[in-house]
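There are 4 protein chains.
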Amino acid sequence: MGIRVGIVGISGFGGGEALRLIASHPSFDLVYAAGEGSAGSRLVDRFPGVPSTLAELVIQEWNPATLPQLDVLFASLPTGISAEALSCVPKDMKIVDIGGDHRYVDGWAYGLADVWPQQIADQVRVANPGCFPAATLNALAPLLADKLIEPGNIVIDVKTGISGAGRGGANSQFSYADTNENLQPYGLLKHVHMPEIAKTIEKLSGGSAAGLVFTPHLVPMTRGVLATIYCRGGATTDQCFASARRFYAKRPFIRVTERPPQTKWATGSNLAFLSYAADPERNLVIAMSVIDNLGKGAAGQAVQNANLICGLPETAGLDGAPVWP
Amino acid sequence: MGIRVGIVGISGFGGGEALRLIASHPSFDLVYAAGEGSAGSRLVDRFPGVPSTLAELVIQEWNPATLPQLDVLFASLPTGISAEALSCVPKDMKIVDIGGDHRYVDGWAYGLADVWPQQIADQVRVANPGCFPAATLNALAPLLADKLIEPGNIVIDVKTGISGAGRGGANSQFSYADTNENLQPYGLLKHVHMPEIAKTIEKLSGGSAAGLVFTPHLVPMTRGVLATIYCRGGATTDQCFASARRFYAKRPFIRVTERPPQTKWATGSNLAFLSYAADPERNLVIAMSVIDNLGKGAAGQAVQNANLICGLPETAGLDGAPVWP
Amino acid sequence: MGIRVGIVGISGFGGGEALRLIASHPSFDLVYAAGEGSAGSRLVDRFPGVPSTLAELVIQEWNPATLPQLDVLFASLPTGISAEALSCVPKDMKIVDIGGDHRYVDGWAYGLADVWPQQIADQVRVANPGCFPAATLNALAPLLADKLIEPGNIVIDVKTGISGAGRGGANSQFSYADTNENLQPYGLLKHVHMPEIAKTIEKLSGGSAAGLVFTPHLVPMTRGVLATIYCRGGATTDQCFASARRFYAKRPFIRVTERPPQTKWATGSNLAFLSYAADPERNLVIAMSVIDNLGKGAAGQAVQNANLICGLPETAGLDGAPVWP
Amino acid sequence: MGIRVGIVGISGFGGGEALRLIASHPSFDLVYAAGEGSAGSRLVDRFPGVPSTLAELVIQEWNPATLPQLDVLFASLPTGISAEALSCVPKDMKIVDIGGDHRYVDGWAYGLADVWPQQIADQVRVANPGCFPAATLNALAPLLADKLIEPGNIVIDVKTGISGAGRGGANSQFSYADTNENLQPYGLLKHVHMPEIAKTIEKLSGGSAAGLVFTPHLVPMTRGVLATIYCRGGATTDQCFASARRFYAKRPFIRVTERPPQTKWATGSNLAFLSYAADPERNLVIAMSVIDNLGKGAAGQAVQNANLICGLPETAGLDGAPVWP
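Chains as they are written, first to last, in the working numbering: chain A, 1 to 325; chain B, 1 to 325; chain C, 1 to 325; chain D, 1 to 325.
The following block holds chain A by itself, in its conformation from the complex:
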C-alpha cells in the first residue's frame, strides 16, 4: 500500500522531474497533480512518455481547500508564489518545497539531505535547497566542519544549464536562437541563493560568511551545474580529500573524485561529484562540485528528503544510474 503523494507545479521542470522519479518510486503513489498552465489536461498530454499507470491523471487547478488526503506534497512553484500557495495546506500534511520561499523559515527544515539527514528525518515541512546551494554546500561542508578553510571571503563561480532557470518568467527569455552557443554571467553581486548559502556556511563553520561572492553563468546545455569555489585556507589537496571522504563515508549519493568532475556524470541522477585542488603556498583551496540541477538540485533531493521524512530507505527510487552519454 503506497504512500500517497501529490505534486503542485507540475508544469515546471522541477515538477516534471519529480513526476519522473515518483513514477518509478517503489513506495510513492502519485494521486494528485496540479499546475497553473495545464489544469484540465491529462498527464499524458503534458508528458507524452509518462508511464501508462499515470497517463490519465488529470492535472488540477491548485486549491488547498479541495486537496485530497496526501501523505506528502511536493511543491515546485516559482519563488514568491510558494509561500502563499502552501499557507493553507493542512498543518499535518508533509510538504517538500522545491521552491525558495521556505528556506530557513521557522517550522521548515532546510533539506540539505547529504549533510544533516538527521535534522530532516522527523520533520513535517522541508525546504529543499536551491540548486546552486545544493552543489556548493555539499562541497564545502567537510572543509568547514574540519576547519580546513575560512568561512569568509568564499568566491563561488557557478555554471548552470538552462533548465536551472525554471519554466516561467525568466525562462521566457531563453529562446533557442538567443541561448544556443552562448554563455553569459547574470545575477552579479547579489543573487537570491546567497542568503541560504551564507547561513549554512555559518551554521557548518561556527564562523562568519562575510565577503561571500557568488556569480552564476548560463551555459548552453539543458541540465547540469558545476560550482568552482575558491576558498582561503592552508590545507593540502590530500587533507581536503580525506576530509570529504570521512564526512560522506556513509552517504549514498556523494562521490568524491580525484578526476575533475564533469556535469554529465550526474545527469539524470541524484548524485553529486566533489573534487578538490589546493595550494598551501597561495593559501588557496579550490572545491568543485557537479550535480544535475533537476536531480540533486531539485526533484532528486526532494525525493531524498521525502524518503527521510517518511522513514523510507534514503535511496528509494533514487538508485538509477546517470544517463550517459
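Because the hints were derived from the structure by calculation, they are not lab data.
No copy labels: a pair is met if it fits in one copy or bridges any two.
SDA-like mimics (lysine to any residue), calculated; alpha carbons at most 20 Å apart, straight line:
hint	residue 1	residue 2
1	Lys203	Ala121
2	Lys190	Thr237
3	Lys190	Asp238
4	Lys190	Ala277
5	Lys250	Ser52
6	Lys203	Val192
7	Lys199	Arg282
8	Lys190	Asp279
9	Lys147	Gln239
Given chain A, work out where chains B, C and D should sit, using these hints.
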C-alpha cells in the same frame, strides 16, 4: 536469486546503456563485463556514476573460453566483430546481440520485440535490430500487415543523434568542433541497415520491398532517431491511426500519437512514438517514428528481448519515464 | 557615394543578418532601419557588435509616409504582414522582400538569383524565395532543365536550424529547454513554401509538379538547412553532376560537390552546396542541397538580388568565407 | 599590389580562421599555406567554402628552406612545435605566431594589440597572446593601470568553447558524445597561460601578481570565451567603467558594456566586450570579458597585429560584424 547476466562491449554506447538498464533491473544481476579498450579497469573508472553495488566489478578482456556461467550475455560489439567473438560461446548460453552480425542469420531470432514477441520468447539467440530498422519497422508494421501501403518503393529518411554512430572507428571522426551545429547526410544509396529492413518489410507484407530507399543524416544532438517514411498507398490518416492502435493495442512500449513526434519524448526510455499523415489524392502515406537510439534502438530493446527469452514480464527494468527536458 | 538602403523588420533574424551584410557592403549605406519591437532603440542597443559607424542609428517605427529617400529597401517582416506594410511604399523605390507575401505576385520578380539572374536584374520589386525553396530549387533546377528527373511526385525532406523559424509568433515556442537535443517534423502534408516550389518546378520543367511532397523538420542548431530530395528519373549520378556543373558554371555562389554536403560548409555565407546520388535501377535520383537559412535562405540572397537590381557586381559584399568551425 | 602572406598550421582552427580573415583582407594576398595533416591537398579540399580565388592553392609541407618570399607569415602550430619550426625562417620575414612558444621571448613583441599597439607597430616578430590571456588582460589592463585593483591574488575563472582547445592532441579527446551537454574544469592550479598573464599583470601594474589563480572550463559550444575575474580593490563600479572607457577610448575593438556580456556578441569578430561589477564593502571588483577565442583569441588579434606591423589601418579586414544569432 537473480538472473546472471554479462555484457561484452561495455566500452561502447550500447554497452554503457545496457549497464544502466541492467543496474536497476529487478531480476538481472550483472556479474561479468568485458570490453576492448577498458580491460582491467573497474566499472566505476569508466562510469563514475555506476551504482555502488557494481562499482568494483573489473572489466575483463573478452575470452569466451573463460566466461563465467551466465544466463544471458548482452553483446554490443562493432559490426564485423560480433560474429567471430560470439562463435565460441557455449551453445546453451542465451545471447542478445545488439550488434549487426547476426540479423537474419539462421539460429538467431530477429528481435523486433514490439512486433513479434512470440517469435522471440523461446529463443536462445536474439539479434537486436539496428536502431534505424527499430524505428522504421515499428512504424510500418501495422500498415504493411493491413495492406494500407505498398511494400515497394518506400523512402526512409532518417535523422540520428551522434551516439547512433557508436564509439569505435566511425565515431573517431565525430570531433565536437566538426560535428556541433552541423547536419549532413551519409551512407547514400546503400546502408548496412537496408537488408534487414527489406527482409522485414517482405516478411510483414508478403510482398516485395524492391525500390527501397534509405538515407540517414547525422544531427547535432547526443540521442534520438526520427524516421520520416514516405510510402505509396491510398489510405487515409484515420485508417493509418486505427491500424496502428489495433496492432499495438497490447504492446507496452509503443505510443501512437496524433501530434508529430519529437525525439525527446523517448529519450532515456524504451518507448517508440508513432504518427501518420496521409493524403489519398497524392497516394501518399507518411509514417513517422521516434525512438532513443540507445533505448529502443539498442539496449532498451535488448533488455526487452532478454525479458522475453527469460520469461520475465516484458517491462521489467524498462518502465522508467523518459528524461525531460 | 553609396547606395542608400534601409531595412524594415530589423528585429528579426533576417533583418539582423541583412544588417550584418550591408554593414560591410562596399556600396550600400544603411541610412534607415525600422522594427516593431525595438523602435526608439539605437542599433547598438539591439546589436552590441554592430560596427561603430552604424551604432547610433535609431530604429524607427515603420511608417511608409515618412520614409526617407532610399535606393533599396530590404523588408524582413512576418508572413501576412509584409503585403500591407509595403503597399504604400513609393512605386519607384526598389524593394527586396525577404518575407513571403510577394512571391509569384504580379509586379514582383521571384528572386531565385542563382537560376535566373537575368529575370531579376532590371526589376524594381523582388520577392526573395523562402529558405526551403532556395535550398530545394537550386538543387533541382539543372535536373529539371535537362529533363533528368520527372517534375512530378518529388519528395522533399528538409531539415532546418531553429533560426529558420523566425523571431515572432512561431519562435516564441522555441524555448531552449524544449528545443535543445530534440528533433521533430512539422507542417505535415502542406506548408506555406509549397506553392512557390511547385510553381518554380513547373516553370523550370514545363511539366506538372503534381504529387509534390514536402516535410520540414526542426533541428537543434541555430543556422543551416539541408534538403534531401527524392526524385523519379533514370539518370546516373554522373549525368546529374555534369548537368549541375554546366548549369552553374558561371554562377559564383553554387558549389557542386561530390562529398555529401554539410550545413556548416555554408554557415555565415551566401553559398549553396549541391550534390547528387542516383540509382537508375530504382529510377531514383537523390538531390542534396545545403545553405545557411539566413544566408542563401534570406539576407544573403536578398543582398545578391539587390546587387542585381542595382547593377552592381553580384558578389559585392558577399564574398566572405563561411565561418568554420 | 598586395602584401604577400602565408599561413603555416592551416589545418588547425587558428589557421583556418586566419584563412577566412585573410581571404577578405583588402591588402593581404595569401600566397602560401602549409599544414601537417593536409599537405598536398588544395585549400578547397580542406575548406569547401573557401573563396574561389584561393581554392586551388596547394597546401605545402612545412619547410623553411623552401619558403617563398613572404611579407608576413602567420604561424598557428601546437605549443612546443612552433619554436623549432620557425627557428630557420629568414630573420627579416615578419611573423605573427598564434601559438604559445614565443610569448615573452626576447626578440618577440607580446601582441596585446588593444593595450600597447605602439610596442608592436615596428616589430618583425609578434607573439600573439593565448585566448584566455587575451580575454583576461584586456579586462584588467585599465584597472591595473589606474590602480583600482591589487595586482595580487587575482582569481580568473574562464569558460571556453571547445575550439579553444585546438585541433591536435588535446582535441582528439573531444568526441561529440563525450563533450556535448557536458561541462568540466581542467588544468587546475597551473595552466600554460599563467606565466604570460602574470608577467603582463606585473608589467601593467608595476606590482606583483603573486597568488594568481586561474581555472579554465570546457563549455559545450564551438566558439567563445568568457572570463570572470575576481579582484581585490575598493573601487566602485562607476570608477571601473570610467577607467575602462578612458583606457580604450581610441581602441576600435574594445566595447565597454553595462549589460553583462554574452560570448555570442563577439562570435565571428575581433571584438572584446568588457564589463565590471564592484562592491567596495567586500573589497571586491569583478571584471568580465568575452571574446571569440578564434577571433580576438587567435586569428583576429593576429591579423590586427599584422596590420600594425605592416603599417596598415588597424581595422583592415577586421570590420565585419559578429555573426548573430
